[in-house]
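Asks: This is what each chain is made of:
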Amino acid sequence: MNRLNEALIVTFALLMLGRANFAWAQTAPAGDAANGKRVYLAVGCFTCHGRSGQGGSYNGPAPALADTKLPLEAFKVFVRVGPNDMPAYPESVLSDKDTADILAFLRSLPGRRPAKDIPLLNQ
Amino acid sequence: MGKKSFDPSVVSRRDFLKGVTLTGAAALAAPVISARAQQPPASEHAKVVPQPNIAAETQPPPNDPVNQTSSGGDFMAEVLNTLDIDYLSMNCASSFRGLHEAIINHTRNKPEILTCPHEEIAVSMAQGYAKIEGKPMAMICHGVVGLQHATMATYNSWCDRVPVYIMIGNILEADKRAPGAEWVHSAIDPAALVRDFVKWDDQPATLQHFAESAVRAYKIAMTPPMAPVLLSLDAELQENPIPDRERLRIPKLAKVVPPVGDPSAIAEAAKMLVAAENPVLICDRMSRTPAGMARFVELAETLQCAVIDQAGRMNFPSRHPLNQGARRGAVVGQADVILAIEMNDLWGVLNSFRDRIVRSSRPNFKPGTKIITLGSRDLYMKANYQDFGRFNEVDLAIAGDGEASLPTLTEQVKRLIDTNRKSAFEARGKKLAEAHHASREQAKSDATIGWDASPITTARMCAELYVQIKNEDWSLVGNGIRITWPNRLWNFDKSYRWNGGSGGAGIGYTAPASAGAALANKRHGRLSVAIQGDGDLMFVPGTLWTAAHHRIPILYVVHNNRAYHQEYMYLQAMAARHGRGITNAHIGTTLTDPNIDYATVAKGFGVYSEGPITDPKDLGAALKRAVAVVKRGEPALVDVVTDPR
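Those sequence lines, one after another, are chains A and B. Residues in the first sequence are numbered consecutively from 1, following the numbering used here. Residues in the second sequence are numbered consecutively from 124, following the numbering used here.
Simulated from the structure, these hints should not be mistaken for lab results. Here the structure is a predicted model, which means the values were calculated and not measured. Among these hints, one or two may not hold up.
[To be verified] In silico DSS-like links for lysine-lysine, alpha-carbon gap of 30 Å or less: (1) LYS37/A / LYS493/B; (2) LYS394/B / LYS233/B; (3) LYS394/B / LYS489/B; (4) LYS378/B / LYS505/B; (5) LYS116/A / LYS553/B; (6) LYS375/B / LYS645/B; (7) LYS116/A / LYS567/B; (8) LYS378/B / LYS645/B; (9) LYS258/B / LYS505/B; (10) LYS554/B / LYS493/B; (11) LYS617/B / LYS505/B; (12) LYS505/B / LYS554/B; (13) LYS740/B / LYS726/B; (14) LYS617/B / LYS116/A; (15) LYS37/A / LYS489/B; (16) LYS567/B / LYS69/A; (17) LYS740/B / LYS116/A; (18) LYS645/B / LYS726/B; (19) LYS233/B / LYS375/B; (20) LYS258/B / LYS645/B; (21) LYS553/B / LYS493/B; (22) LYS37/A / LYS76/A; (23) LYS554/B / LYS116/A; (24) LYS394/B / LYS258/B; (25) LYS375/B / LYS116/A; (26) LYS593/B / LYS567/B; (27) LYS537/B / LYS617/B; (28) LYS553/B / LYS394/B; (29) LYS593/B / LYS116/A; (30) LYS747/B / LYS726/B.
[Claimed, not checked] Far from chain A by the CB rule (all over 12 Å, computed), these chain B residues: (31) ILE294; (32) LYS299; (33) LYS378; (34) ASP385; (35) PHE476; (36) GLU534; (37) LYS567; (38) HIS688; (39) ARG768.
Glycine included, C-beta positions come from ideal geometry on N, C-alpha and C.
This is chain A alone, in the form it adopts within the complex (with noise of 0.2 Å):
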């Protein structure tokens, strides 16, 4: 895949990203979260994102997905193509099931909480 494409098919999800909050409803997968978090941390996603979808860095930042309202579409386009020095992980290593429960289980994860109600951040 040339640069032009991938440039443009990140730029479609982001576009997707965009509209992710309105959009959510009408894409939710009904994908397995149970299954979703097996397949995180076995196939790595956790390595970069954290566990709790917190995120983390690799060559550069890697963003929190925790809570994410990120459409399946969109979701799976990051998995494929790979932004910047992210992995790009194809349908023979992972599956559309298994790239929806992971999408699944990080909409299940707690995201932000008010850092107001956590003495410890306000130091």
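Start from chain A and add chain B according to the hints.
Replies: Then chain B, alone, in the frame of chain A:
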């Protein structure tokens, strides 16, 4: 034996024994010769039954002096004590036994010896120490096998531009080497092993030569760009009596003044910065002394411009409103003038690099951006190892020490600012302050994700740690999770809050370098803390014993993610690239089965410890108890089972 009897053409130094004291019995050498004379000729000897040689067996040994009243090591120790060196780290070795003995007895353990169970620990301790104390620690090891152990830490020190005063033992004269170890521990040119990453080395042939080279080495190490230096010390020179002490002279150590950039070039840089709409200051290993951060803050506040601190040293306060490190991409993208001070990898900051099958890059800055560099790196460089990074095209390159050049630059900037520019600067500073505040709020929000999770998130670990130390005079002297979370959550507001990373990214740095820095902080009454990677600790666990033995107060918080995690991610990327085995990346990259119990390891070395802590609710209390131990003057370790990053 008098001085006039010394003829180097016929006797070696070990044979020349001015100052020796023969034992009373040993002075009776003549009877031995007589006894030999009594033996029959060889031809007759074969024909007769050997008889006991009563005379030879009952006489004293031949002329073999066993005492001496001076040694070259004594003089060497005296020389070292004229230099500003307080400590000598070492793993004991026979090739420097002469100097070792002289230091413990002749100069009464000055410099103070630090016992290290590995040469890599000894050099790394010196590296961490120098970055806090601003002067070198000496280190000594075997010239061959010890130096091979010490090479990685020497390379780290070189890349980190840190002065380390390395000495090695060697036995130059082949006929004086004992069979076995002394041969495999000797070399014609032992410094060749590290010559690519020390600034200067020498192998003195005489004691006067040593004195002059010792002072020269110190001066070279301390002149920016600072770097390790090495002296190879002949064992004979260390051990033999001094033939002519009254003729030996120790040169005085001059005050070392760092080079300042050319004033006209600095004036040109000031003009460009004042005229710019969005100037950006970037620095890495800029602050050498406590004055560095204050000078840098003054320049930034005068310009009211964005600052990106690469954190090679404690350059800029983390909570200063002009600190834009959290949004460096946006800041560099908007810049029209960039001043980069003491940068090691400017290209890496100004460009985005993609680690894909086809590697590619693109600049982060807009076309036409003017780039100025100020630093001492251009003054000294070597070719083989590529630590100088990719060449970066710039508009003005000023060779000079960054910290030393800042007062001139700031003064020039102040002269050029008129009322209009001042008003524009204030408006710019206000926007930057708002962006900084937003970044801080973002950091807090990011830290809440997975707050109660086990394994414990690195954000939670850092927040728990900070609350235990924030009211102390703390110093973060090592960080195995990069600087990210502490820098986002903690208030780094003093010159010793942080001392930079390894330099060469060589594993095995954090534990010993932190101990060295903590030793320096001890004198100032500071609380030293290191966030210690588990993989790093496994390289040099013996550091814990050194910390316990020498009562070095330091808190090690083990970031125990049970992996060489960066490599785990790299392997994951390789497997994904091939579309195979994406569940196998833990093989060869993780430290599990069995899990390592670092608290038990620490206890075995005599270090107070807690853990493994897996529940975040238990972490605060464990850290509090450990901090109390450190405040009593001892090391402590808390093993925290953490998420990867």
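Asks: Does each hint hold? Answer for all of them.
Replies: Outcome of the hint check:
For the hint linking LYS37/A to LYS493/B, the alpha-carbon distance of about 49 Å lies beyond 30 Å, and the restraint is violated. Distance hint between LYS394/B and LYS233/B is unfulfilled; the C-alpha atoms sit about 51 Å from each other, more than 30 Å. Restraint check: the Cα-Cα separation between LYS394/B and LYS489/B comes to about 20 Å, which is no more than 30 Å; the hinted pair holds. In summary, the hint linking LYS378/B to LYS505/B is supported, as the alpha carbons are separated by about 26 Å, within the 30 Å threshold.
For the suggested pair LYS116/A and LYS553/B, the alpha carbons sit about 24 Å apart, so the restraint of at most 30 Å is met. Note on LYS375/B and LYS645/B: the hinted pairing holds, with a Cα-Cα distance of about 29 Å set against a maximum of 30 Å. A distance of roughly 9 Å separates the Cα atoms of LYS116/A and LYS567/B; the hinted pair therefore holds under the 30 Å criterion. Distance restraint check for LYS378/B and LYS645/B: the Cα-Cα separation of roughly 26 Å lies within the 30 Å cut-off, and the hinted pair is therefore satisfied.
Between LYS258/B and LYS505/B, the direct Cα distance comes to roughly 23 Å. Compliance with the 30 Å bound is thereby established for this hinted pair. For the given pair, LYS554/B sits about 22 Å from LYS493/B by alpha-carbon distance, which is consistent with the 30 Å threshold. Under the criterion of a C-alpha separation no larger than 30 Å, the hint pairing LYS617/B with LYS505/B is inconsistent with the structure, at around 33 Å. With a CA separation close to 42 Å, the supplied pair LYS505/B and LYS554/B exceeds the 30 Å bound.
With a C-alpha separation of about 23 Å, the suggested pairing of LYS740/B with LYS726/B holds against the 30 Å cut-off. Between LYS617/B and LYS116/A the CA atoms are separated by roughly 26 Å; this keeps the pair inside 30 Å, and the hint holds. Of the supplied pair hints, the one linking LYS37/A and LYS489/B is violated, its CA atoms being roughly 42 Å apart against a limit of 30 Å. Annotation: proposed proximity of LYS567/B to LYS69/A holds, straight-line Cα distance about 20 Å (limit 30 Å).
Taking the CA atoms of LYS740/B and LYS116/A, the gap is about 18 Å. The hint holds against a cut of 30 Å. Distance check on the hinted pair: LYS645/B and LYS726/B sit about 22 Å apart at the alpha-carbon level, within 30 Å; holds. Between LYS233/B and LYS375/B, the direct Cα distance comes to roughly 18 Å. Compliance with the 30 Å bound is thereby established for this hinted pair. Annotation: proposed proximity of LYS258/B to LYS645/B holds, straight-line Cα distance about 15 Å (limit 30 Å).
A distance of roughly 24 Å separates the Cα atoms of LYS553/B and LYS493/B; the hinted pair therefore holds under the 30 Å criterion. Proximity of LYS37/A to LYS76/A is assessed by CA-CA distance (about 16 Å); at most 30 Å being required, the pair is judged to hold. With a C-alpha separation of about 24 Å, the suggested pair LYS554/B and LYS116/A falls inside the 30 Å cut-off, and the hint holds. In summary, the hint linking LYS394/B to LYS258/B is not supported, as the alpha carbons are separated by about 35 Å, beyond the 30 Å threshold.
For the given pair, LYS375/B sits about 59 Å from LYS116/A by alpha-carbon distance, which is inconsistent with the 30 Å threshold. Annotation: proposed proximity of LYS593/B to LYS567/B holds, straight-line Cα distance about 17 Å (limit 30 Å). A threshold of 30 Å between alpha carbons decides the hint, and for LYS537/B with LYS617/B the separation of about 25 Å falls inside it, so the pair holds. Taken as a hint, the LYS553/B and LYS394/B pair is honoured in the structure, with Cα atoms around 22 Å apart against an allowance of 30 Å.
With a C-alpha separation of about 19 Å, the suggested pair LYS593/B and LYS116/A falls inside the 30 Å cut-off, and the hint holds. Our distance criterion of 30 Å between C-alpha atoms is met by LYS747/B and LYS726/B, whose separation comes to about 18 Å. No Cβ of chain A comes within 12 Å of the Cβ of ILE294/B; the nearest lies about 48 Å off, and the non-interface call holds. For LYS299/B, the shortest C-beta to C-beta distance to chain A comes to about 54 Å, beyond the 12 Å cut-off, and the non-interface label holds.
Listed as outside the interface, LYS378/B is consistent with that label: its C-beta sits roughly 42 Å from the nearest C-beta of chain A, beyond the 12 Å cut-off. Consistency note on ASP385/B: stated as away from chain A, and its beta-carbon is indeed over 12 Å from all of that chain's, at 37 Å minimum. Its beta-carbon lying about 8 Å from the closest one in chain A, PHE476/B breaks the requirement of being farther than 12 Å from that chain. Every CB of chain A is more than 12 Å from the CB of GLU534/B (nearest about 37 Å), matching its label as outside the interface.
A Cβ of chain A approaches the Cβ of LYS567/B within 12 Å, the least distance being about 4 Å, so the stated non-interface status is violated. The claim that HIS688/B is not at the interface with chain A is violated, since a C-beta of that chain comes within 12 Å of its own (minimum 7 Å). Annotated as non-interface, ARG768/B brings its C-beta within 12 Å of a C-beta of chain A; the closest such distance is 3 Å.
Figure legend: structure checked against the earlier numbered hints; hints not met, in rising order: 1, 2, 11, 12, 15, 24, 25, 35, 37, 38, 39.
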